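Let chain A serve as the given structure and place chain B with the ligands on it in line with the hints.
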Amino acid sequence: MSQIHVSTTINGDQAEFLCDADETLLDVLRDRLGLTGSKEGCGTGDCGACSVTVDGRLVCSCLMLGAEAEGREIGTIEGLANGDELHPLQTKFLEHAALQCGICTPGFLVAAKSLLEHNPKPTETEVRYWLAGNLCRCTGYDKIVRAVMDAAKEMRKA
Amino acid sequence: MRFESPQTTKDAVALLAGAKGKGRVLAGGTDLLVQMKSGMAAPDVIVDIKRIPAMKSIKAEKDGMRVGAAVASAEMAEHAALAKGWPGVVEAADLIGSTQIQGRATLAGNLCNGSPAADSVPAMAAIGAKARVVGPKKRRDVLVEKIVTGPGKISLAKDELIESILLPKRPPRSGDAYLRFIPRTEMDIAVAGAAVSLTLDTKGVCTDARVIIGAVGPRIIDVKDGAKALIGTKVDKAALKAMEAACSAAATPIDDKRGTKEFRKHVVGVLARRAGQIALKRAKGSK
Ligand SMILES: Cc1cc2nc3c(=O)[nH]c(=O)nc-3n(C[C@H](O)[C@H](O)[C@H](O)COP(=O)(O)OP(=O)(O)OC[C@H]3O[C@@H](n4cnc5c(N)ncnc54)[C@H](O)[C@@H]3O)c2cc1C
Ligand code: FES
Ligand code: FES
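Going down the list, the sequences are from chains A and B. For the first sequence, my numbering assigns the number 1 to the initial residue and increments by one for each residue that follows. For the second sequence, my numbering assigns the number 159 to the initial residue and increments by one for each residue that follows.
Just so you know, the hints here were simulated from the structure itself, not pulled from any lab data. Since we're looking at a predicted model, the values are computed, not measured. From the three backbone atoms N, C-alpha and C, an ideal C-beta is built for every residue, glycine too.
Some chain B residues close to chain A (C-beta under 7 Å, calculated; not the full set):
1. M159
2. R160
3. F161
4. G187
5. V192
6. S256
7. Q258
8. G261
Estimated spans, in silico, between C-beta atoms of each pair:
9. R297/B <-> K157/A: 47 to 57 Å
10. K296/B <-> D142/A: 54 to 64 Å
11. N11/A <-> D359/B: 55 to 65 Å
12. N11/A <-> K386/B: 52 to 62 Å
13. A218/B <-> R32/A: 35 to 45 Å
14. S215/B <-> S7/A: 20 to 30 Å
15. K415/B <-> R137/A: 19 to 29 Å
16. D142/A <-> K311/B: 38 to 48 Å
17. A97/A <-> K399/B: 47 to 57 Å
18. Q14/A <-> A238/B: 30 to 40 Å
One chain only, chain A, in its complex shape (with noise of 0.2 Å):
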């Protein structure tokens, strides 16, 4: 099979790739990019850790294959921190202890982000249903949605 060649831009930098046809754009990131923070939960859009932004909007990187990602722009996780400088989500979710093993976390920060920029002053209701497609089986939701309530206070006075 002959590979596609695809030119990106991730989290602002320009990237280039080669992939298969049916390869996603999660194994791209993953296995030939070697960005590792965005998870692979389910690989059937279930669980929301591999989510990432494509031209601004949330999606499952699971359900898009690596070619579509020609000429758009990505966002990851990788792209949160500023340098060492967490993002208020990331130090809001330490704080709030909105995690225990992890493995959910980068698809709820990259989703939890997306919201407050289409809404900066989400409700608890809000949140709860902007982020019912992230699962975590550790937390039981609390923390993280009062991390993200937390935060978008915190960046609404920023």
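Just chain B with the ligands now, kept in the frame of chain A:
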């Protein structure tokens, strides 16, 4: 497998027509990729339609609003005129999966996947939505309910695709609504679904109605007796009760772990009644 992303509908159709083996359209991929991973689908050529401008736009036309086949449900929800004019269709599309799924899932993909439980399909059928089907030689406008012929089966030829879906303009005092039942509050497939669209005259008497139920048979069911129960009434309690009974009677559900036959027949009636109440309120509120 080959991956192609044509720039025009014509090129997309030519790719499907010329495909050696199986060609498949890729819209949001939220069904297709899952099927490819499980081995249920093994296309030779994948035709990504998201780079075709006519398929990525929502456009007001003389006869209604034309939604491109590659428009994601999240884009629909953000389109004020669409959400205002066809709230039932937009709320149905908004029920599909999670935020992530809504960033990709399309109306045409929901339709062409052919699932009896597809949420947007009853809502589209209730308002008389028409799919624009394009093939190598001709293009035709087909009522949405004529597309799906059975579970996973559609009436499109191998070299045809849907370019867009027209949500037809509606008379004043019209309203539509869609409701479904799922065991959880989010992220689940409908156990039963019901869409109602109706139009009132200046005195508040219902002059036209469509009642469509989903997930309670191999394909959606157009409950004509349900519509008849509403037409000529003020959509009062008695009329809604009669419509509910017609829906329960028309449903032909299966029994499975997600719901028994009796439960599905009952709940689809309840959903239809409640959707009727919402559609009525919307019809009264719209000019
Ligand atoms: C986690 C998850 C949750 C889900 N929840 C729901 C839900 O609650 N309700 C629901 O109804 N569905 C649900 N789905 C199913 C799916 O998301 C929807 O059916 C969606 O609308 C499919 O659209 P798509 O654009 O992603 O289709 P695709 O996967 O791109 O395509 C689906 C099928 O249609 C064909 N096709 C697509 N576009 C065209 C076209 N223009 N012309 C001809 N053929 C075409 C494709 O070849 C394929 O066979 C869910 C899926 C997942 C993964
Ligand atoms: S890995 Fe993509 S949603 Fe679970
Ligand atoms: S912290 Fe373990 S799955 Fe969420």
